[in-house]
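Those protein sequence lines, which keep their order, are chains E and A. Take 780 as the starting number for the first sequence in our numbering and just add one per residue. Take 780 as the starting number for the second sequence in our numbering and just add one per residue.
Derived by calculation from the structure, the hints in this document are not laboratory data. Any given hint could be a false lead.
[Unchecked claim] Result set (DSBU-like, lysine-lysine): computed pairs, CA atoms no more than 30 angstroms apart in a straight line:
#1 E:1150 to A:1143
#2 A:957 to E:974
#3 E:1150 to A:957
#4 A:1146 to E:1143
#5 A:820 to A:863
#6 A:974 to E:957
Protein chains: 2
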Amino acid sequence: MKKSRIGRREFVQGLAGSVAAVSAVPRTGYGTPIPRQTPPKIKFSVIGINHGHINGQVQAVQRGGGELVAVYAKEQDLLDAFVKRFPTVKVAKSEDEILNDKSTQLVVSAAIPEERAPIGIRVMRAGKDYMSDKPGITTLEQLAEVRKVQAATRRIYSIMYSERFENRATVRAGELVKAGAIGRVIQTVGLGPHKTNISTRPAWFFERERYGGILCDIASHQADQFLYFTGSTSAEVVASQVGNVNHPKYPGLEDFGDMMVRGNGGTGYIRVDWFTPAALPVFGDGRLTVIGTEGFLEIRKNIDISGRQGGSHLFIVDQKEMRYVDCQNVALPYGDQLVADVLNRTETAMTQAHCFLATELVLKAQKQAQKIKLSS
Amino acid sequence: MKKSRIGRREFVQGLAGSVAAVSAVPRTGYGTPIPRQTPPKIKFSVIGINHGHINGQVQAVQRGGGELVAVYAKEQDLLDAFVKRFPTVKVAKSEDEILNDKSTQLVVSAAIPEERAPIGIRVMRAGKDYMSDKPGITTLEQLAEVRKVQAATRRIYSIMYSERFENRATVRAGELVKAGAIGRVIQTVGLGPHKTNISTRPAWFFERERYGGILCDIASHQADQFLYFTGSTSAEVVASQVGNVNHPKYPGLEDFGDMMVRGNGGTGYIRVDWFTPAALPVFGDGRLTVIGTEGFLEIRKNIDISGRQGGSHLFIVDQKEMRYVDCQNVALPYGDQLVADVLNRTETAMTQAHCFLATELVLKAQKQAQKIKLSS
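Use the sequences and the hints to build the structure in full.
Following this line, the structure appears as structure tokens:
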């Protein structure tokens, strides 16, 4: 990874160079699977593949040294696509077939959101660790049950907050902030706009109880980043709002949500929405701004609308300089760490308390959200 | 003004070109006075010059056709600097000398914030119009009295929300949004970070009652933009916070504040702070993001940390294209409009209701703000 420490003139010249080498294809932030040189460290299987995030989840565990064994899903069309992508995977006839397989240590899921916690509870009770797509839990009642079973079984219940774990600039920003690059963190602002892509969405996308609401669904990424960057171990929701302000045909869709949060390490604001227009070449112009006592940083996660190629852009301004940090070669540690945690019974990828607190925050925000109605 | 309607490849190539022509000196957004070709349209004077904003205020009225007549201030050092900058101005011996001058139609003030409303009330009672630096009013009690006197006298009480009126990208964005460029507006996010420049600040900068609190002081800009871009004519504070989280030597300073607002035309979030680090070459990396049903826009008001020269940068993404809008030649209409309003008894620069509502929002947010205390 290159990090440039340069003055404004050189900073700008460097930009001109990087722009000259532009490519039309943005990077997604997800790496491709790396061929393994060594025997697999763990075996893992998949239950539920209703969201395309499953591909990134599987690839992360593979990168960490996991061997994909089996998959179970109810939907034949989704299974066909999954097997095409991962041709060595065995198709299980039932969930129990995977739960009863003693050799499988970890189960990964991107089932319909409301089913993820029940699956995870069954997985933990079967003595296995679990990694869910976000949202990993859709109600406070589910969260209470998950916490209880996790405490009793001491299994791992991990939720892949991919906007941090799978975004190189966010990983690098985390390292820099922990090293004191911007002093003590005061606040994070996380913006998570998304494209609806309505024509390709499954029915559950429009059913509030099934995806849990927009704050539960999307904002868990931003809640994770708020806690992580402020170093907060406790936090509360100051205020929250949700609404369907422009999709009257889909009454179960919440198209806007935002929340103010305050933790013991700093404050935060989170906004998520389904208003990204068609001309944006990526799913959304996700941003994270972190201000500290000695500087600030901005991450343009998926695209730089200023014109830089690709995603994972990190800008830092401190007391000495304004610089762009090239993150294209930053390693994504989540897969390695999760596999190590499975083997060593550690919490290096993310503490269990952090994982649950990020979700608790959005579930509380969702529950107490004021309803927005705009005049049209 | 040039506006480029181009695809991504050309967009990026255009950026490379603009970066090659970089200059090290950012534009401030304030124009220099234009020599008048015609007789002055109105005469105006100044009472109170405690903030440097007075220069931009005077220049705006001059651009609109105002002739600066007299200035009154208690501080000889500030007067000396003002007279040096505006050598034809007459120094009045008292405030009354200006208030009693029948030829002066408009009084402009950048007095210490808490004194601005009392001055404005005396100005209106003397039959003159008034234009204040922001914050133009520091308490809800002052606001009530100002509203009463304004209604009784039918004089203009204008507050120069310069982050809109004097920022070319914000002016242009306003025109585009009103023309429907991003559909119906859903939300604004306004970030107003600032440098403290502590060593050069006067005593009142650190006295909470005198500047009114951080939301009153800085966030009135963002409240103005929230109301303007959402087209809201009524609005409420959803939640607000203020704190002194890193300046224990200055207990009267609030160094962080934020607020969620909701109006009849959209929602908004506002954050202001005094944490801009030394390496930023301008006073703060002010941003405005506006999302609408058909697109979004971002304004980088004072600087583009991506490397583009100058300030007033406007980016728009809609259903058809992603584009950078060059705003360098956009005219700043506030001065012209205010002078016309003085002459014609109109409200073209800003309605009186809007001016007061923006201030009411921040005064309410300030009053009900939760106090932030972070562990250090």
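Hints, verified against the model:
1. E:1150 to A:1143: OK: residue 1150 (chain E) and residue 1143 (chain A) at ~21 angstroms, within 30 angstroms.
2. A:957 to E:974: 24 angstroms, holds
3. E:1150 to A:957: 26 angstroms, holds
4. A:1146 to E:1143: Measuring from Cα to Cα gives roughly 26 angstroms; hence the hint holds.
5. A:820 to A:863: 24 angstroms, holds
6. A:974 to E:957: 24 angstroms, holds
When each numbered hint is compared with the structure, no violation occurs for any of them.
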